[in-house]
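**Student:** So the chains spell out like this:
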Amino acid sequence: MTTADAKRLRGADERMAAGLVGRALRHPSFPAFVGMVAIWLAIVALSSGRGWWDTFTAAVIVGTILLIAGLGQMFVITGGNGGIDLSVSYVMTLCAFFSCDVMGGSDAQLWPGILAGLAIGVAAGLINACLIELVRMPPLVATLAVGFTLQTITLIYSGSVVGVSSPALRTFTTAQWGPVPVIGIFGVAVAVLAYVVLKRTSYGRRIEAVGQNAIAAGLAGARPSLIRASTYVVSAGLAGLAGVLAAAYAGGAARNLGDNYQLASIAVVVLGGSLIAGGRGLVSGVWAGAILLTLLSTLGNVTRLAAGWQFVIQGVLIVLVLALTRAPGARR
Amino acid sequence: MSSLATAAEATDGLGSRRRIPTVIGPWFLPVLAAIVIFALMVVLRPPVGTPLGISLTLAPLIPLVFASIAQMFVIAGGDIDLGIGSFVGLVNVVVAVVLPHNVATGTLFLLGLVLAYSAMGALIAVRRLPSIVVTLGMSFVWLGLALVMLPTPGGAVPGAIAAITKFNTPIVPGVLIVLTVVTVAVALFVNQTRYGTVLRAAGSNAEGVSRAGWSVIRAKVTLYALAGLFGVLAGLYLSGQTGGGDATIGASYVLLSIAGVVIGGGSFSGGEISPVGAVAGALVVGMLGSLLQFLGVSSDFQVGAQGLLLVLVLVLRSAAGWIQKARRNQ
Numbered sequence: 227m228t229t230a231d232a233k234r235l236r237g238a239d240e241r242m243a244a245g246l247v248g249r250a251l252r253h254p255s256f257p258a259f260v261g262m263v264a265i266w267l268a269i270v271a272l273s274s275g276r277g278w279w280d281t282f283t284a285a286v287i288v289g290t291i292l293l294i295a296g297l298g299q300m301f302v303i304t305g306g307n308g309g310i311d312l313s314v315s316y317v318m319t320l321c322a323f324f325s326c327d328v329m330g331g332s333d334a335q336l337w338p339g340i341l342a343g344l345a346i347g348v349a350a351g352l353i354n355a356c357l358i359e360l361v362r363m364p365p366l367v368a369t370l371a372v373g374f375t376l377q378t379i380t381l382i383y384s385g386s387v388v389g390v391s392s393p394a395l396r397t398f399t400t401a402q403w404g405p406v407p408v409i410g411i412f413g414v415a416v417a418v419l420a421y422v423v424l425k426r427t428s429y430g431r432r433i434e435a436v437g438q439n440a441i442a443a444g445l446a447g448a449r450p451s452l453i454r455a456s457t458y459v460v461s462a463g464l465a466g467l468a469g470v471l472a473a474a475y476a477g478g479a480a481r482n483l484g485d486n487y488q489l490a491s492i493a494v495v496v497l498g499g500s501l502i503a504g505g506r507g508l509v510s511g512v513w514a515g516a517i518l519l520t521l522l523s524t525l526g527n528v529t530r531l532a533a534g535w536q537f538v539i540q541g542v543l544i545v546l547v548l549a550l551t552r553a554p555g556a557r558r
Numbered sequence: 022m023s024s025l026a027t028a029a030e031a032t033d034g035l036g037s038r039r040r041i042p043t044v045i046g047p048w049f050l051p052v053l054a055a056i057v058i059f060a061l062m063v064v065l066r067p068p069v070g071t072p073l074g075i076s077l078t079l080a081p082l083i084p085l086v087f088a089s090i091a092q093m094f095v096i097a098g099g100d101i102d103l104g105i106g107s108f109v110g111l112v113n114v115v116v117a118v119v120l121p122h123n124v125a126t127g128t129l130f131l132l133g134l135v136l137a138y139s140a141m142g143a144l145i146a147v148r149r150l151p152s153i154v155v156t157l158g159m160s161f162v163w164l165g166l167a168l169v170m171l172p173t174p175g176g177a178v179p180g181a182i183a184a185i186t187k188f189n190t191p192i193v194p195g196v197l198i199v200l201t202v203v204t205v206a207v208a209l210f211v212n213q214t215r216y217g218t219v220l221r222a223a224g225s226n227a228e229g230v231s232r233a234g235w236s237v238i239r240a241k242v243t244l245y246a247l248a249g250l251f252g253v254l255a256g257l258y259l260s261g262q263t264g265g266g267d268a269t270i271g272a273s274y275v276l277l278s279i280a281g282v283v284i285g286g287g288s289f290s291g292g293e294i295s296p297v298g299a300v301a302g303a304l305v306v307g308m309l310g311s312l313l314q315f316l317g318v319s320s321d322f323q324v325g326a327q328g329l330l331l332v333l334v335l336v337l338r339s340a341a342g343w344i345q346k347a348r349r350n351q
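Protein sequence lines correspond, in order, to chains B and C. Using my numbering, you'd call the opening residue of the first sequence number 227 and step up by one each time. Using my numbering, you'd call the opening residue of the second sequence number 22 and step up by one each time.
Note that these hints are calculated values from the structure, not bench results. Ideal placement from N, C-alpha and C gives every residue a C-beta, glycine not left out. Check the hints yourself; a few may be wrong.
[To be verified] Listed next, the stretches of chain C that the computed footprint assigns to chain B, with coverage defined by at least 3 CB atoms under 8 Å from CB atoms of chain B:
| hint | region |
| --- | --- |
| 1 | 149-157 |
| 2 | 334-347 |
[To be verified] Listed below are several chain B residues computed to face chain C (Cβ distance under 7 Å; list not exhaustive):
| hint | residue |
| --- | --- |
| 3 | Q335 |
| 4 | P364 |
| 5 | L370 |
Next up, chain B with everything else stripped away, as it sits in the complex (with noise of 0.2 Å):
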């Protein structure tokens, strides 16, 4: 090897760390680490009591149950054809009601209360399959109506269940491995897997091609009615997931469970940069979205902000980014 050889390899692997950094600043989700750590900065200065990594691990915690949701809501709108999730929050306060109820404050019962909670979202996600995609309703009158259905279910279900969440389940929300909060190691390994399905399984892949053309798609061999179906069963089963882990955090179901998820899950898919309109999923984008979202509730109890204002500045901040990033092109 000569001298020359050496040096132009040295200058490859320093183009190539250049364009790793470059890669970072300018992939779609980058933004919204940048407004996680704005936000997060912004709490450690106006908090003097907090120390900065408890403010941050706190936001992981109840940040992690907002990350499963947005993964099922990126699934479907990454399907595209208008496709979202608008049931959600109800599968995520059914599920929860189901699982105490099958948990009834033992350990014992653990597995048993997490598998009926997912079964219940399965089941949910399923009926919101077959009315997008066999019955051809659009996808928000369908999993709306499907969601006011199961919010009376519930409401009716609700009443005779005093449901406790399983201990070692609660402990698990909240437990620590040394500083690193063990559900946030859960939340990452869950994104870990959303991404390897989205980005390295062909199953993954004709999600994203079916969001971007479905004709192309189809063409190519995907059944793009049968993909975007399986999304809102993926949806729908980690809303349940998500509901079960909410109530274990909390101690218990409680009726107003998951209505900030409705919103909130739509909202951590289009901060983190993926495509309203379908065809590209960020997974890391969900999670940094579900930090920012978290923290950001955080600055608003910090500063304390009425609720009110705190609503605004959550509505504003999705249609501006809305406003500001997207590609024209389809519509809805």
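Starting from the known structure of chain B, arrange chain C on it as the hints suggest.
**Tutor:** Then chain C, alone, in the frame of chain B:
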């Protein structure tokens, strides 16, 4: 509509089978359903049939009718409005909190809200944003503003507004007059005027509209402005009836107004709307709630039942589409 009917008549025997639905129009079934439900209510509770009974039954549904007309304008443009419920709530709060102290500020505020709605339409049209997410985001802005002004239910609606909503005549119930005037006015505007046609076409055939020299963006802005106007009317009427302010009062209007338009024959692909149908659809959805109450069904079931009705109508319509397709293929 009429040109379609003559076109169907001009064709051979096949036309005779298709002519009936074309002549009757999409408003026929919802109107029939509204009459049937009303008749059922009269059978269950005869006093409902008296002028006073009609007033008491229909008056609470007027805000929903206005909200459905608002939703209809947005759906006409091929969009969907998930913010109408919070918007009605915000109007209610403005009427109960701002208007009593300063009439001028309150009126300007309400006008500003209509402008804000058209600005939202402009943003959606110009940047081609998905209406679902924008209106859902804005619904939090409306709700947030309302909560800032009135964190817990309260305030007092000026007596003048309450008086207007209680408008009545000795012979004909005032509710019927309001319903008829509004429905006829909107139907004439949408179906008979030139700009009404442009507005409907903006949702179904934007390309055609711009080729004909009209601005699609301006049409969309007009549609959202009209939606905002009817949202304000819904809020005013609701305020007059409740007498107080509550930021979350309109929450159920999102699903119910969509259900009203869809049951009234509206289609999500845009352009296909029927004002008479939307009004009848809203009455069907609203009266279904009252009917369930009469039957002793717990109010817990109401929202679910109304949601299921919406699903049922769409399933039936889709089934009708399949049958038609199968027949054509024969």
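**Student:** Run every hint past the structure and note whether it holds.
**Tutor:** Now the hints, each set against the structure:
no.	hint	in the structure
1	149-157	holds (count 8)
2	334-347	holds (count 3)
3	Q335	violated, 28 Å
4	P364	holds, 5 Å
5	L370	holds, 6 Å
Figure legend: structure checked against the earlier numbered hints; the only hint not met is number 3.
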